[in-house]
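Top line first, the protein sequences correspond to chains G and X.
Read in my numbering, the first sequence has 6 at position 6, and its numbers run on one by one without any break.
Read in my numbering, the second sequence has 304 at position 81, and its numbers run on one by one without any break.
No lab work stands behind these hints, which were simulated from the structure alone.
Note that the coordinates shown come from a computational prediction; the quantities given were computed from them, not determined experimentally.
Heads up, some of the hints might be wrong.
Straight-line C-alpha distance at most 27 angstroms; calculated DSS-like pairs for lysine-lysine [as the list claims (entries may be wrong)]:
| id | chain 1 | residue 1 | chain 2 | residue 2 |
| --- | --- | --- | --- | --- |
| 1 | X | K278 | X | K292 |
| 2 | X | K329 | G | K151 |
| 3 | G | K157 | X | K304 |
| 4 | G | K151 | X | K304 |
| 5 | G | K157 | X | K302 |
| 6 | X | K278 | G | K157 |
| 7 | G | K174 | X | K329 |
| 8 | X | K350 | G | K157 |
| 9 | X | K304 | X | K329 |
| 10 | G | K174 | X | K278 |
| 11 | G | K174 | X | K240 |
| 12 | G | K119 | G | K3 |
| 13 | X | K240 | X | K292 |
| 14 | X | K238 | X | K278 |
| 15 | X | K302 | X | K383 |
| 16 | X | K278 | X | K324 |
| 17 | X | K304 | X | K383 |
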Amino acid sequence: MFKSVYNWIDERLDVTPLWRDVADHEVPEHVNPAHHFSAFVYCFGGLTFFITVIQILSGMFLTMYYVPDIINAYASVDYLQHKVPFGSIVRGMHHWGASLVIVMMFLHTLRVFFTGSYKAPREMNWVVGMLIFFIMLGLGFTGYLLPWDNKAYFATKVGIQIADSVPYIGEYIKVFLQGGDIVGATTLTRFFAIHVFFLPGALLALLAAHFLMIRKQGIAGPL
Amino acid sequence: MSTHENQESAHAPVKRKEMSRRQFLAYTLGGASAFMAGGAVLPMIRFAVDPLLEKRSAGSFVKVVEESKVKVGEPTEFKFKIHQVDGWYVSDPEQAAWIMKDDNGKIFALSPICKHLGCTIGWNTEKNNEYVCPCHGAHYTVDGKNLSVAPAPLDEYQIKIENGFVYLGDIVPNTRV
């Protein structure tokens with residue numbers, strides 16, 4: 001059944017080369033844990049991506065209940081966590097996944113560093129990876145405010161104070177992030193927009209560049 | 224064909240510095256694209272940076288307490304309500320100030336927000352005539368001078384005395400230390 005549907009589509013659109021180009025590529029022996037178990041360190045990048053996909057999916061589902069509004073934000077999070085079936089699971093995935101992404105990304109960075117994989121001709125991919133790192137930190141910072149509880153509020157206050165201490169432009173960064181004079185209604189909507197649209201958009205573009213480059217250049221050779 | 228070429232060369236002598244057709248089209252298309260992209264992007268930029276361009280109105284003064292209730296040499300905490308506009312939320316949150324009269328009879332009011340990480344300080348909670356922050360143990364003198372932990376002295380409220388009442392305004396950096 002599935003095969004005939006696939007063949008019907010493939011006859012018309014010739015889709016086989018499309019996925020074959022993505023899926024069929026050489027995995028060298030030195031990065032394959034089936035050959036050398038210690039090669040599991042080469043999995044950290046893929047694991048980071050796997051958790052990122054979970055973050056995007058669980059985040060999409062969280063917005064079905066969440067409201068970025070200072071009166072209702074906490075109540076909506078409380079509701080989806082305690083009243084909606086599997087709410088604690090879905091929010092738990094997003095909550096713990098956020099930390100896990102950072103951990104996995106850190107391990108991936110260590111692997112790249114200690115195998116020297118950032119060296120020529122892969123310098124640009126290292127730089128893109130660093131940009132992804134900062135985007136992830138931004139996602140963590142903006143997402144932390146969204147439950148609008150005391151921890152979120154004061155963490156954001158401190159974070160914005162740190163931004164405020166930048167010479168000359170600190171004040172402007174502060175007002176731009178706050179969307180006003182205080183951490184309030186406009187801050188929450190801003191952080192929501194940044195967390196849900198702007199940073200994920202930038203993240204997907206950078207990830208695409210990251211993956212295109214590694215496919216084009218191949219995995220760095222054995223030590 | 225050959226006659227046509229001859230005609231071309233007959234017209235050739237006028238040598239002007241002119242743009243090629245390709246260049247002209249590149250500039251025109253580039254300019255038009257930039258104009259259209261700008262038309263789409265500029266409204267969004269202006270929309271996003273509005274908080275930066277909004278005029279900050281100098282805060283108005285709020286009546287807090289009778290001058291006679293302010294003690295000499297001993298700060299007292301007074302609560303008052305300020306009018307706050309936060310986007311589409313208009314509210315009157317309560318604020319606190321530690322107000323006292325110094326030895327010269329001058330009244331001043333300190334903000335209770337710790338300059339370390341923004342907790343709320345208390346007066347004399349350790350019985351040593353100092354402001355103390357319960358979070359990380361910052362200490363301040365009666366004038367708000369930072370003694371430990373905090374990187375800066377306590378902020379002051381702008382103050383105005385009218386008809387025997389103390390009015391407080393914006394929070395400004397400490398002027399006493």
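Verification of the supplied hints:
Restraint check for X:K278 and X:K292: not satisfied, since their Cα atoms lie roughly 36 angstroms apart, outside the 27 angstroms limit. A threshold of 27 angstroms between alpha carbons decides the hint, and for X:K329 with G:K151 the separation of about 39 angstroms lies outside it, so the pair is violated. Straight-line distance between C-alpha atoms of G:K157 and X:K304 comes to about 22 angstroms, which keeps the hinted pair within the 27 angstroms bound. For the hint pairing G:K151 with X:K304, the CA-to-CA distance comes to about 25 angstroms; that is within 27 angstroms, so the pair holds.
For the suggested pair G:K157 and X:K302, the alpha carbons sit about 23 angstroms apart, so the restraint of at most 27 angstroms is met. The hinted pair formed by X:K278 and G:K157 meets the criterion: a straight-line CA distance of about 22 angstroms does not exceed 27 angstroms. This hinted pair does not check out: G:K174 and X:K329 have alpha carbons roughly 34 angstroms apart, beyond 27 angstroms. For the given pair, X:K350 sits about 30 angstroms from G:K157 by alpha-carbon distance, which is inconsistent with the 27 angstroms threshold.
For a cut-off of 27 angstroms, the pair hint linking X:K304 to X:K329 stands: about 23 angstroms separates their Cα positions. Between G:K174 and X:K278 the CA atoms are separated by roughly 16 angstroms; this keeps the pair inside 27 angstroms, and the hint holds. The hinted pair formed by G:K174 and X:K240 fails the criterion: a straight-line CA distance of about 53 angstroms is larger than 27 angstroms. Among the hinted pairs, G:K119 with G:K3 is inconsistent with the structure: their alpha-carbon atoms are about 44 angstroms apart, more than 27 angstroms.
Between X:K240 and X:K292 the alpha-carbon distance is near 86 angstroms, which puts this suggested pair outside the 27 angstroms criterion. For the hint linking X:K238 to X:K278, the alpha-carbon distance of about 58 angstroms lies beyond 27 angstroms, and the restraint is violated. Between the alpha carbons of X:K302 and X:K383 the distance comes to roughly 16 angstroms, so the proposed pair stays at or under 27 angstroms and holds. For the hint linking X:K278 to X:K324, the alpha-carbon distance of about 34 angstroms lies beyond 27 angstroms, and the restraint is violated.
A distance of roughly 16 angstroms separates the Cα atoms of X:K304 and X:K383; the hinted pair therefore holds under the 27 angstroms criterion.
Violation of the numbered hints given earlier is confined to hints 1, 2, 7, 8, 11, 12, 13, 14 and 16; the remaining hints are satisfied by the structure.
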